[in-house]
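Following the hints, complete the assembly by docking chain B onto the known chain A.
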Amino acid sequence: MDFNLSSSLFVGEQKFNTFEPQKTYDVIIIGGGPAGMTAAVYCLRKGMTTGLITRQVGGQMAETAGIENYLGYRYINGLELADKFHDQVLQFGIDFENDANVTDIKDGLIKEVHLDNGRIFKARTLIITSGKLSRKLNVPGEKELTGKGVAYCAICDAPFYKNKKVVVAGGGNAGVGAALDLARIATHVTIVQRRDRLIADQVLSDKLKHYENVELLLGHVVKEVVGEHHVAAVRVENRETGELLEIPADGIFVEVGSIPNSELAHGLLELNDKNEIIVDEFCKTSKPGIFAAGDVTDVPYKQIIIACGEGSKAALSATDYILSNPNF
Amino acid sequence: MALFDDNIRTQLTHILDGVKNEVNVVFFSQEIECESCSDAHQFVDEICDLNPKLKMHRYNLVTDAEKAAEYNIDRVPAVVMLDQDNKDTNIRFFGVPGGYEINSFLGALLEVSGERQDLPEEILERIRKIDKDIHIQVFVTMSCPHCPGAVITAHRLALENSKIKADMIEANTFVPLSIKYNVSGVPKIVINEVHELLGDQPITAFLDIIEKI
Numbered sequence: 001m002d003f004n005l006s007s008s009l010f011v012g013e014q015k016f017n018t019f020e021p022q023k024t025y026d027v028i029i030i031g032g033g034p035a036g037m038t039a040a041v042y043c044l045r046k047g048m049t050t051g052l053i054t055r056q057v058g059g060q061m062a063e064t065a066g067i068e069n070y071l072g073y074r075y076i077n078g079l080e081l082a083d084k085f086h087d088q089v090l091q092f093g094i095d096f097e098n099d100a101n102v103t104d105i106k107d108g109l110i111k112e113v114h115l116d117n118g119r120i121f122k123a124r125t126l127i128i129t130s131g132k133l134s135r136k137l138n139v140p141g142e143k144e145l146t147g148k149g150v151a152y153c154a155i156c157d158a159p160f161y162k163n164k165k166v167v168v169a170g171g172g173n174a175g176v177g178a179a180l181d182l183a184r185i186a187t188h189v190t191i192v193q194r195r196d197r198l199i200a201d202q203v204l205s206d207k208l209k210h211y212e213n214v215e216l217l218l219g220h221v222v223k224e225v226v227g228e229h230h231v232a233a234v235r236v237e238n239r240e241t242g243e244l245l246e247i248p249a250d251g252i253f254v255e256v257g258s259i260p261n262s263e264l265a266h267g268l269l270e271l272n273d274k275n276e277i278i279v280d281e282f283c284k285t286s287k288p289g290i291f292a293a294g295d296v297t298d299v300p301y302k303q304i305i306i307a308c309g310e311g312s313k314a315a316l317s318a319t320d321y322i323l324s325n326p327n328f
Numbered sequence: 001m002a003l004f005d006d007n008i009r010t011q012l013t014h015i016l017d018g019v020k021n022e023v024n025v026v027f028f029s030q031e032i033e034c035e036s037c038s039d040a041h042q043f044v045d046e047i048c049d050l051n052p053k054l055k056m057h058r059y060n061l062v063t064d065a066e067k068a069a070e071y072n073i074d075r076v077p078a079v080v081m082l083d084q085d086n087k088d089t090n091i092r093f094f095g096v097p098g099g100y101e102i103n104s105f106l107g108a109l110l111e112v113s114g115e116r117q118d119l120p121e122e123i124l125e126r127i128r129k130i131d132k133d134i135h136i137q138v139f140v141t142m143s144c145p146h147c148p149g150a151v152i153t154a155h156r157l158a159l160e161n162s163k164i165k166a167d168m169i170e171a172n173t174f175v176p177l178s179i180k181y182n183v184s185g186v187p188k189i190v191i192n193e194v195h196e197l198l199g200d201q202p203i204t205a206f207l208d209i210i211e212k213i
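Same order as they appear, the protein sequences are chains A and B. For what it's worth, our numbering labels the leading residue of the first sequence as 1, then goes sequentially. For what it's worth, our numbering labels the leading residue of the second sequence as 1, then goes sequentially.
Isolated chain A, as found in the complex (with noise of 0.2 Å):
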């Protein structure tokens, strides 16, 4: 049996303080996933006041089962991996608070962070490393029997699946992880992938080979989750020649991508036509003291490696920002 243990989870209140309304921090970091943490760690060597706002530690690196490209472990459960970069963050004692959502920033000298539990926060910086989110199908169906058959955690729902037919959306990392993972469980899967090729590394694709039960659909799209009380089919378009095509299955597994964690700064800061928030190469955003890092920003390719390089770089900019700022 193995165990996977999130040993953050326990560490004492001794090390979280927690959030003061009435102080000015220097910076306020609003995510705790790679990038959020990474930032807090060189704010914290720094001697900034800190704080850092999350919904869940980890973002969505708590959730990837296995790592192999964050170098340093050759293989990481993604768990683990953000339980090292919790405990490396709490060794300074850092205001922080969890489980919380940001519902508006109002920008100044003094910045101003609103929460939805009514708590509002203040601060002379802010780091927005809020991430991404799963994207969802947006076909008919899909919020019906969601939970029903359309599910979007293999690791988690994969059991149900046991001698069932499953179709997975999506030919990237994550879909391709998600097919291993039903492979050995359900009797077949059909991956539909969008473009003509899989995009998975191609370490991951080769793996692929050695089931005989995965059958790749390549350039079709969902259009449809069909059933009554449950998954019962999935209809898919050629994307070239409009055919449609009726896969039987007992479930779908959405793994198509994400979308930026940027609603928070709509209205306040520049964004692409992705909603990623636009940052130079200091990682300074549109508006004068809010830097932003990882995968909410557009900086290309969302990897862990990235937004924790460029967490630290936001950090130092900031740093930078506060320290050559006379009104300081």
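For the record, the hints were derived by calculation from the structure and aren't laboratory data. Any given hint could turn out to be false.
Straight-line alpha carbon distances no greater than 30 Å define the calculated DSS-like cross-link-like pairs of lysine-lysine that follow [claimed, not checked]:
#	chain 1	residue 1	chain 2	residue 2
1	A	Lys164	B	Lys180
2	A	Lys84	A	Lys148
3	B	Lys87	A	Lys136
4	B	Lys67	B	Lys55
5	A	Lys223	A	Lys122
6	B	Lys53	A	Lys148
7	B	Lys53	A	Lys84
8	A	Lys148	B	Lys212
9	A	Lys162	B	Lys53
10	B	Lys20	A	Lys84
11	B	Lys132	B	Lys165
12	B	Lys87	A	Lys143
13	B	Lys212	B	Lys87
14	A	Lys122	A	Lys136
15	B	Lys180	A	Lys165
These stretches of chain B come out as covered by chain A in the derived footprint (C-beta under 8 Å, 3 or more residues) [as the list claims (entries may be wrong)]:
#	region
16	87 to 93
17	133 to 144
Everything numeric in this text was worked out from a predicted model, so none of it was measured. Each residue gets a CB set at the ideal place from its N, CA and C atoms; glycine is no exception.
Below, chain B alone, put in the same frame as chain A:
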């Protein structure tokens, strides 16, 4: 063979140093027709061995029917958590809390022992006002990273108000029950049999449903 290797054992010991007061861990199993009972027994036994404040009490579902009735246990393996005065906290674990779920088990031990993080006063006020009998069942799988969060929230509600009972249910161990509630995605939260929530929902989402019951 031990379930926990030395590395995990060291981490567990460190985490369980946080246990404040005694916790009475009541474990139910049966000898036949329970595939996971021996693993569950070993799991509870090895954890309780790591800290003298954790007291394990073992009962058999069949031969200790009176005890089972007292704690309302009708399936095994099951764990009931009692505080230092043997007061039932209404926290239950059905199935082995392995994989990611070890986190909710440790969380429950710490919280029952009195080591709890503060909840905002307005949330506590909402929990205190609940005066109807509430039964929360959280279905999980061991490989689900979001599941412990939902279980910890449900158990916390039970700890704060004795009208609330909260169960963790390992879905693959109790297949007929999972089928009864149409579980095909986890965490699935079933409140008083008919109200459903999916995912690691915040405590306010639980309360929004409970307050309407």
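Agreement of Lys87 (chain B) and Lys143 (chain A) with the hint, judged by alpha carbon distance not exceeding 30 Å: violated (42 Å)
Taking 30 Å as the top limit, are the C-alpha atoms of Lys53 (chain B) and Lys148 (chain A) close enough? violated (42 Å)
When you check the alpha-carbon spacing of Lys180 (chain B) and Lys165 (chain A), does it fall within 30 Å? holds (21 Å)
Verify the proposed pairing of Lys84 (chain A) with Lys148 (chain A), using a straight-line Cα cut of 30 Å. violated (35 Å)
Agreement of Lys162 (chain A) and Lys53 (chain B) with the hint, judged by alpha carbon distance not exceeding 30 Å: violated (41 Å)
Given pair status - Lys122 (chain A), Lys223 (chain A), alpha carbons within 30 Å: Violated, at about 46 Å.
Under the criterion that the straight-line Cα-Cα distance not exceed 30 Å, is the pair Lys20 (chain B), Lys84 (chain A) satisfied? The hint holds at about 26 Å.
Are the Cα positions of Lys87 (chain B) and Lys136 (chain A) separated by 30 Å at most? violated (45 Å)
Does the structure keep Lys122 (chain A) and Lys136 (chain A) at a Cα separation of 30 Å or less? violated (34 Å)
Within 30 Å, alpha carbon to alpha carbon, are Lys132 (chain B) and Lys165 (chain B)? holds (11 Å)
Whether chain A covers the region 133 to 144 of chain B (at least 3 residues having a Cβ closer than 8 Å to its Cβ atoms): holds (count 4)
Would you check chain A against the region 87 to 93 of chain B, counting CB to CB pairs closer than 8 Å, and say if three or more residues qualify? violated (count 0)
The structure fails hints 2, 3, 5, 6, 9, 12, 14 and 16 (numbered hints given earlier, in ascending order).
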